[in-house]
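Starting from the given sequences, assemble the full structure and let the hints guide the process.
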Amino acid sequence: MLDTIFQPVYSSTAELTASVYFICSLASLVLGAIIAWAAGFKSRQSKGFLLSVMLIPVIVQLVIMLVSDSVGAGIAVMGAFSLVRFRSAPGSAKEIVSIFLAMATGLATAKGYLGLAAVFVVVICLIMLLANFIRFREKDDLQRELRITIPEDLNYAHEFDDLFTKYTRQAKLMNVKTTNMGSLYKLSYRVELKTEDDVQAFIDELRCRNGNLEIAMMIPPVEERVL
Numbered sequence: 001m002l003d004t005i006f007q008p009v010y011s012s013t014a015e016l017t018a019s020v021y022f023i024c025s026l027a028s029l030v031l032g033a034i035i036a037w038a039a040g041f042k043s044r045q046s047k048g049f050l051l052s053v054m055l056i057p058v059i060v061q062l063v064i065m066l067v068s069d070s071v072g073a074g075i076a077v078m079g080a081f082s083l084v085r086f087r088s089a090p091g092s093a094k095e096i097v098s099i100f101l102a103m104a105t106g107l108a109t110a111k112g113y114l115g116l117a118a119v120f121v122v123v124i125c126l127i128m129l130l131a132n133f134i135r136f137r138e139k140d141d142l143q144r145e146l147r148i149t150i151p152e153d154l155n156y157a158h159e160f161d162d163l164f165t166k167y168t169r170q171a172k173l174m175n176v177k178t179t180n181m182g183s184l185y186k187l188s189y190r191v192e193l194k195t196e197d198d199v200q201a202f203i204d205e206l207r208c209r210n211g212n213l214e215i216a217m218m219i220p221p222v223e224e225r226v227l
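Numbering (our numbering), first residue to last: 1 to 227.
Nothing false has been slipped in among the hints.
In silico DMTMM-like pairs for lysine to aspartate or glutamate, Cα to Cα no more than 20 Å straight-line:
(1) 177 to 152
(2) 166 to 205
(3) 172 to 192
(4) 186 to 214
(5) 172 to 196
(6) 186 to 145
(7) 177 to 145
(8) 186 to 161
(9) 177 to 153
(10) 166 to 204
(11) 172 to 162
(12) 172 to 145
(13) 186 to 152
(14) 172 to 161
(15) 186 to 204
(16) 166 to 192
(17) 166 to 141
(18) 172 to 205
(19) 186 to 205
(20) 47 to 95
(21) 177 to 214
(22) 166 to 145
(23) 194 to 161
(24) 194 to 162
(25) 186 to 159
(26) 194 to 204
(27) 194 to 141
If you're looking for bench data, these hints aren't it; they were derived computationally from the structure.
Next up, the structure:
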């Protein structure tokens, strides 16, 4: 019984009929809508991108149905699809996966493997949804930008070395700026914390060194990774 799911709804040697085409197209649209929903779940995606992901399966399905008997035409179509990558803005990893999933779904429905396409989409979308609820700990999560204001008579070169050794894995001075007519220095560091639990203690000890002047710690702006 399970094997019937992986059987095509029509034979590749048989003539394509209107009923088969509309059944495959309906399956492509439904599966494309599922992919678009999974791609947009807890993610900022434009309406145009989600609409494109939803329509890609039915478009790919029609193209493959038309060129299934011609190897040369199939190669030409694949070359045309490859141009889309170079005519588009770089996308995130999730967007690229969604597009390839939509294209693979269209290929499967074009050959009549509706059950296989449905199982494939459900499994991949479940993994995508599950990834939204799993917190992957990355090294960048402990990266911080630290800004310290100190009086001009404080030797900042090695004044905080012991505190950086105690609370951070690494610290790098990125910028030095004078302020208040040269009576104060503003130091900018890029630090990697050992743990987030000791941030308050870290700041309190820094305040004792800089005369309780302004201290700011923030998450540095991170550009979205693209493929």
